[in-house]
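K.L.:
First to last, the sequence lines map onto chains A and B.
The first sequence begins at 1 in my numbering and counts up one residue at a time.
The second sequence begins at 1 in my numbering and counts up one residue at a time.
Bear in mind the hints are in silico, worked out from the structure with no lab data behind them.
Below, simulated DSS-like cross-link-like pairs (lysine-lysine); rule was C-alpha separation at most 30 Å, straight line:
{"id": "1", "chain 1": "B", "residue 1": "K3", "chain 2": "A", "residue 2": "K199"}
{"id": "2", "chain 1": "A", "residue 1": "K276", "chain 2": "B", "residue 2": "K107"}
{"id": "3", "chain 1": "A", "residue 1": "K136", "chain 2": "B", "residue 2": "K59"}
{"id": "4", "chain 1": "A", "residue 1": "K276", "chain 2": "B", "residue 2": "K3"}
{"id": "5", "chain 1": "A", "residue 1": "K136", "chain 2": "B", "residue 2": "K259"}
{"id": "6", "chain 1": "B", "residue 1": "K107", "chain 2": "A", "residue 2": "K199"}
A partial selection of chain A residues facing chain B, derived with a Cβ cut-off under 8 Å:
{"id": "7", "residue": "V20"}
{"id": "8", "residue": "A30"}
{"id": "9", "residue": "V44"}
{"id": "10", "residue": "R108"}
{"id": "11", "residue": "I155"}
{"id": "12", "residue": "P186"}
{"id": "13", "residue": "V233"}
{"id": "14", "residue": "A264"}
{"id": "15", "residue": "V267"}
{"id": "16", "residue": "Q271"}
Here chain B is said to cover these stretches of chain A; the calculated rule only asks that three of the stretch's residues, wherever they fall, bring their Cβ under 8 Å from a Cβ of chain B:
{"id": "17", "region": "98–106"}
{"id": "18", "region": "125–133"}
{"id": "19", "region": "246–255"}
For every residue, glycine included, the Cβ atom is placed at its ideal position computed from N, Cα and C.
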Amino acid sequence: MVERRSTLGILAHAVMILGVLIVAFPLYIAFIASTHTSQAILQVPMPMSPGGHFWENYLAALNGHGGGAGSNAPVARMMWVSLVTALVITFGKIAISLLSAFALVYFRFPLRGLVFWAIFVTLMLPVEVRISPTYKVVSDLGMLNTYAGLTVPLIASATATFLFRQFFLTVPDELVEAARIDGAGPMRFFKDILLPLSKTSIAALFVIQFIYGWNQYLWPLIATTGEQMYPVVVGIRMMIAGGDSGNEWNIVMATAILAMLPPAIVVILMQRWFVKGLVDTEK
Amino acid sequence: MEKRVRFDSQVLPWMLVAPQLAICAVFFFWPAAQALLQSMQVQDSFGLSTEWVGLENFKTLFNDSAYLESFKVTAVFSLLVAVLGIALSLMLAIFADRIVRGALFYKTMLIIPYAVAPVVTGVLWVFMFSPSIGVVAYGLDHVFGFQWNHLLNSTHAMTMIVTAAVWKQISYNFLFFLAGLQSIPKSLIEAAAIDGARPWRRFWTIQFPLLSPTTFFLLVINMVYAFFDTFAIIDATTHGGPGRDTAILVYKVYQDGFKGGDLGGSAAQSTVLMLIVITLTVLQFRYVEKKVQY
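If we strip away everything but chain A, and leave its shape as in the complex, we get:
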């Protein structure tokens, strides 16, 4: 810093603390509510310090023993569905994009430009603009209420393909030449040289796509019809259908905390790659 001013330093910390408080407030309220009985929460104003029903509430949520007026499906099953969905989407996207970026950068084949544009154009067609027809395709293929239906339509990713393409273009040509002289074919080069070099990009994409997959809402909402296949973000929405006093808010908030835990842990533990990946993918 160019100059030291204690007043500005104090102001900076004050602003940051205020920002952190604003960000943390809803999370704090959710946590507090998840440790009380539902009666305690309905007594306005609700308590502002943790209560003693932590285990009770979380176990009730996980096993589906709540008595709210909305859905009371077991959250443990939903967490499992979310985890499988998010992981399949993440690894599927990374695998498919690595392969197509490799083909686009390292081969010359007819219609290459067209393929590039076909992938690129998908950026302009988010699920939201083609809800009904996509639903029809998936239901015709018999993929409603299956993991395939939840994941495959979301696996194509222009963003990931572009990130890998950008990265491959910066890999020195000498490596290809060296690999060729040593007699390595394209797939050998891909596996032994390109993949190890792409580790950082893959880690960054892992974080971004895992959160994307875990937090998907609209697609699972229309591609599933039974509680058995609800991811947790859809399940929690069904839970609050009981209305302000009909809901067991302690169970709902325990579910909210459970639903945000996995993506939050991934973001915090992989913060460095996440920030890099996010800033790099600015498509």
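Place chain B on chain A using the hints.
P.N.:
Showing chain B alone in chain A's frame:
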């Protein structure tokens, strides 16, 4: 940019792009083409016969006051989300950039909302703002004597979804601004300081102009976010109400097409949305091109 050295093969590259192309074709192009087609057709209520009507659906759409109202709601909503979100995050990033001690802690706390699903954000907001049991509603009433009721008052409902959407997006904006600020050469700031420019002035004459590409980029990204990704927030909080005062375009497509069964009208709405995304994407790429010249 192109590679000088390449592999020669006619079959292998097609096998490599096949999975991606297959998914794009089945789940992107085919449905999008269907949407375009349906937008020019009318189906009877049993789906037995379809009639070709050309641009009739679009005409109906733009004569529908509810649809025009939804356009207005979307414009207000996305502008508020973009402007407030950007201003708030920029302020936080500017101060975070000055801080050395505790920087990692602040940064970690500020990126947590990124991990929270929009629908979970919505659920938290419903809980906090509930007129009967919500902590925030209670606080507003007892501290300021302000009667909060987003179920009846559309300004309150709009405020609620805007704050939820902004809260969720702070992380993203903050990280981009921080990265942008840290890439500004320190020598520029030092030179200005030697010339006697105070921090406030340095911000407006050096940092803010140099951040303008980032700001523009974030403006587009935030518009896209407000247009599409906030569906879950609205579905969990206001359901487009009171009346239709918070029914943004995406929510209306879902309500009319998926819940209401008006395929032609919904497809026409989808087509309009597609045009909006294309415009925003093109804008975004203009930015990328400009940035490359730097």
